[in-house]
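Model the full assembly from the supplied sequences, consistent with the hints where possible.
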Amino acid sequence: MTDFAQNAARNLARVREKKPLVHNITNYVVMNTTANALLAMGASPVMAHAAGEVEEMVAIAGALVLNIGTLDEHWVAAMIRAAGKAGSLKKPIVLDPVGAGATTLRTETARRLIAEATPSVIRGNASEVLALGKGAAGTKGVDAVHSVSDAKDAARAIAGYLGTVLAITGPEDLVTDGERTIWVENGHPMMGMVTGTGCTATALVGAFLAVDDDPLSAAATALAFYGLAGEAASVSAAAPGSYAVSLIDALFTIDPERLRAGVRIREDR
Amino acid sequence: MTDFAQNAARNLARVREKKPLVHNITNYVVMNTTANALLAMGASPVMAHAAGEVEEMVAIAGALVLNIGTLDEHWVAAMIRAAGKAGSLKKPIVLDPVGAGATTLRTETARRLIAEATPSVIRGNASEVLALGKGAAGTKGVDAVHSVSDAKDAARAIAGYLGTVLAITGPEDLVTDGERTIWVENGHPMMGMVTGTGCTATALVGAFLAVDDDPLSAAATALAFYGLAGEAASVSAAAPGSYAVSLIDALFTIDPERLRAGVRIREDR
Amino acid sequence: MTDFAQNAARNLARVREKKPLVHNITNYVVMNTTANALLAMGASPVMAHAAGEVEEMVAIAGALVLNIGTLDEHWVAAMIRAAGKAGSLKKPIVLDPVGAGATTLRTETARRLIAEATPSVIRGNASEVLALGKGAAGTKGVDAVHSVSDAKDAARAIAGYLGTVLAITGPEDLVTDGERTIWVENGHPMMGMVTGTGCTATALVGAFLAVDDDPLSAAATALAFYGLAGEAASVSAAAPGSYAVSLIDALFTIDPERLRAGVRIREDR
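Chains as they are written, first to last, in our numbering: chain A, 33 to 301; chain B, 33 to 301; chain C, 33 to 301.
None of these hints come from the bench; they were simulated from the model.
Every clue listed holds true.
Computed footprint of chain C on chain A; a stretch qualifies when at least three of its residues, placed anywhere within it, have a C-beta under 8 Å from a C-beta of chain C:
1) 66-78
2) 87-97
One-sided and incomplete, this derived list gives chain C residues near chain B with beta-carbon spacing under 8 Å:
3) 63
4) 67
5) 72
6) 81
7) 88
8) 277
9) 284
10) 285
Taking lysine-lysine and the DSBU-like style, the derived pairs with C-alpha atoms no more than 35 Å apart in a straight line are:
11) B:50 to B:117
12) A:117 to A:51
13) B:51 to A:184
14) C:122 to C:51
15) A:50 to C:184
16) B:51 to B:117
17) C:51 to B:184
18) A:117 to A:50
19) A:117 to A:184
20) C:51 to C:184
21) A:184 to B:50
22) C:184 to C:117
23) A:51 to C:184
24) A:184 to A:51
25) B:50 to B:122
26) C:184 to C:122
27) A:184 to A:122
28) B:184 to C:50
Cβ coordinates follow ideal geometry from the N, Cα and C atoms, glycine included.
Quick look at the structure:
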């Protein structure tokens, strides 16, 4: 049986020791926040999207983060190239299918990326992840319109079909590889009032994938870490501007021991 | 006679209830700030610029925000496409002609966008807005070099000529549809020390356009709301880093009743 | 003998008086932070990268900042065009070769920009700057892997060879034109935990280049100013989220007299 609290503490300690390079091809809205979150937790972020360098960059990285939040044809081409290289080098990939289901371009791009190289983890809200499995229409922009708990059976089926770990974030986070189903209870409602918290969660999964060979463990523990940071931030901040600042602070100040004690993960059996 | 204080409170309450999707094609500098401001006030932001999806996105949005702050040919093409779709669907558009008058590309792009589909509102500083009417040269980058009060007569003429509402922000904000002239007195000088406050104002106008059929009312009340947030932020912050954080907080904490009481709008007769 | 403390105070006072337009072609991650830092210190930032306007924009600017942090072919073309125009107009250029040495594209792009128009100052970490001189491989993403002090002799040789001022930032900052070697002792370790602090340093050098004809003085005093802001920020903030906010605040609150008193620069003889 996986000791997630123990893994979380170990993963955070490893990131701070090894400072893995996390290669992000992500959206314009969150690049600054993502870089600051990765730095605060102890990882080494790099953002690079030029077709002429993504393969070289992914080759020196510990993980690749793909996020389609502000995609266009050039960025998609770069993501496909980077994903192919990561796949051939067995580097872990985490995919954030922002807005999948909202437009055809986003749904199809997410599917193309998955076909190019299976991500170790796909992290999204329920609507986005479900759109990957059944072409469901009707997501409202980048908001979550399906609830996480309703998505459980569908998520297990899609994870099994795609051969990946799905991490669906919401009031509770659901992580599944198609067989096991893990619930991460850490988090705070104010996280939904700050742009890019989902994208940050994806990037933290990337950092943990660089130090943890088990994608289910990496995803669940990264979400627990970020959720605990969200809880800590709520102590000092009650509105989203100051809350966003406190969130970054918490990623820096939480140490492995505190993380171990704070993890609230349960397995669904 | 329009009761702007009443409209302001009603618009804010409606945004928080309906959470309209606001589709932004905006500049790289402010994307994060804009998204956080829209979220904090209660709207649902999305940033999307790919030619292959802007029409689909605008079709599910409540308003379209076009901002040419870091334009290039690809982004201009996307804006024109989105504007055309919004026009055909009668979706409200707000245009921010950042730097119009500073370079030929910016002035001409703003004019092309207006020709493609008349915006409900154009929000800029005095130099930018006047450049749309007379090809005036000499704006200093993205700074305001003409004063708002001097711009009144020219603005009324341009608004009438273009058939739109002009919202010129400065120490006092001027809003006119060519016939009526409204002054918004809310605001604080520190807002000028934070990048993207003008762009945020534009996005807030977009959110109010999604819930208010009267563009003059939507523009004036959005600027009053943002100005009141600027006043509130000045209570807790005296330097621009912390002020920017407090501004986002204020967009979240101000409720409709406080807004109604704080609006300072007068009509010029 | 240069009185750097005096020059620092004079440069800051001049920036606040003249509000020079600083034209940035920089990376997506730091655009917002850079603009806010320049505004807070008193300069007037503009971000513009379209091929169709960079020459017009650089013609009205006081300095050009080139930063290859998230480059691609279109941005490189714009940078080359802007650099050529700046060179022909004798406008000062500061180059930030982010990640030079990490990928071939970055190293070659930095060299092409230098060949197009010699920058007045090149600001980077030790790895990046050394990569410009010897094609050294092995930088780890955008992190500094060589120490500043070890880089001294190499930096002097490269500065002389390129005919520019090199500013290498680290625990101590090294500034050299190939003959003189200046050490800037201001700064704080927490600056390394916030993304884009190097890029901000580069932009501040740009602002000072707009008001100081001596690139060695402009670079050293800008780094001292930013380092002093970093020291001031550490008084009120102990984690990187709130530290980043306090850094911007400090750029606004430090006045020329306080800067003069706080500068710690020594010349290596």
